[in-house]
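K.L.:
Sequence:
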Amino acid sequence: MPRRSKKEIRMSYEEQIQEIENKIEEHKEAISRLKKELKEKRAAKEQADLEKLAAFVKESGKSPEEVLSILQNQE
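Numbering of the sequence shown is given in my numbering, commencing with residue 14 and proceeding in unit increments.
None of these hints come from the bench; they were simulated from the model.
All residues carry an ideal CB built from backbone N, CA and C; glycine is no exception.
Take these hints with a grain of salt, some might be off.
[To be verified] Here are the simulated lysine-lysine pairs, DSS-like style, with alpha carbons at most 27 Å apart:
1) LYS52 with LYS41
2) LYS75 with LYS58
3) LYS58 with LYS48
4) LYS36 with LYS48
5) LYS41 with LYS54
6) LYS48 with LYS65
7) LYS41 with LYS58
8) LYS75 with LYS65
[What the hints assert, rightly or not] Pairwise CB distance ranges, derived in the manner of DEER restraints:
9) HIS40 with ASP62: 31 to 39 Å
10) TYR26 with LEU66: 57 to 65 Å
11) ILE33 with LEU63: 40 to 48 Å
12) LYS75 with GLU38: 48 to 56 Å
13) ARG23 with ARG46: 28 to 36 Å
14) LYS71 with LEU51: 46 to 54 Å
15) ALA56 with ASN86: 30 to 38 Å
16) SER82 with GLU34: 58 to 66 Å
17) GLU72 with LYS49: 32 to 40 Å
18) GLU42 with PRO77: 40 to 48 Å
Given the sequences, and given the hints that come with them, work out the whole structure.
P.N.:
Below is the structure:
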């Protein structure tokens, strides 16, 4: 069994439980922030991909419908 630190010995079980619950809550908040950041990054990437695709279609001189038709006929 691991030895308890002096801090843990001085803390009651209730204090230790509360400390652990606080840490869990902090990590939940961090995960929530990271999920939000991930969602924003994915949206930004999708927007950049769409802009790149639109630029390619424009440079090709073809309409979006023509490009779509070409892609569909390649299957």
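K.L.:
Each hint should be assessed against the structure and marked as holding or not.
P.N.:
Here is what the structure says about each hint:
This hinted pair checks out: LYS52 and LYS41 have alpha carbons roughly 16 Å apart, not beyond 27 Å. Between LYS75 and LYS58 the CA atoms are separated by roughly 25 Å; this keeps the pair inside 27 Å, and the hint holds. Taking the CA atoms of LYS58 and LYS48, the gap is about 15 Å. The hint holds against a cut of 27 Å. Taking the CA atoms of LYS36 and LYS48, the gap is about 18 Å. The hint holds against a cut of 27 Å.
For the hint pairing LYS41 with LYS54, the CA-to-CA distance comes to about 20 Å; that is within 27 Å, so the pair holds. As the CA atoms of LYS48 and LYS65 are separated by approximately 26 Å, the hinted pair is consistent with the 27 Å bound. For the hint linking LYS41 to LYS58, the alpha-carbon distance of about 26 Å falls within 27 Å, and the restraint holds. Under the criterion of a C-alpha separation no larger than 27 Å, the hint pairing LYS75 with LYS65 is consistent with the structure, at around 15 Å.
The supplied range of 31 to 39 Å is met by HIS40 and ASP62, whose beta-carbon atoms lie about 32 Å from each other. A hinted range of 57 to 65 Å for the beta carbons of TYR26 and LEU66 is consistent with their spacing of about 59 Å. In this structure, ILE33 and LEU63 meet the distance hint of 40 to 48 Å, their C-beta atoms being roughly 45 Å apart. Restraint check, LYS75 to GLU38: a C-beta distance of roughly 55 Å satisfies the suggested window 48 to 56 Å.
Hint check: ARG23 to ARG46, Cβ distance near 33 Å, so the stated range 28 to 36 Å holds. For the pair LYS71 and LEU51, the beta carbons lie near 30 Å from each other, so the given range of 46 to 54 Å is not met. Remark: the range hint 30 to 38 Å for ALA56 to ASN86 is upheld by a beta-carbon distance near 31 Å. For the pair SER82 and GLU34, the beta carbons lie near 59 Å from each other, so the given range of 58 to 66 Å is met.
The beta-carbon spacing between GLU72 and LYS49, approximately 35 Å, falls within the hinted interval of 32 to 40 Å. A hinted range of 40 to 48 Å holds for the C-beta pair GLU42 and PRO77, which are about 43 Å apart.
When the structure is compared with the earlier hints, a violation turns up for hint 14 alone.
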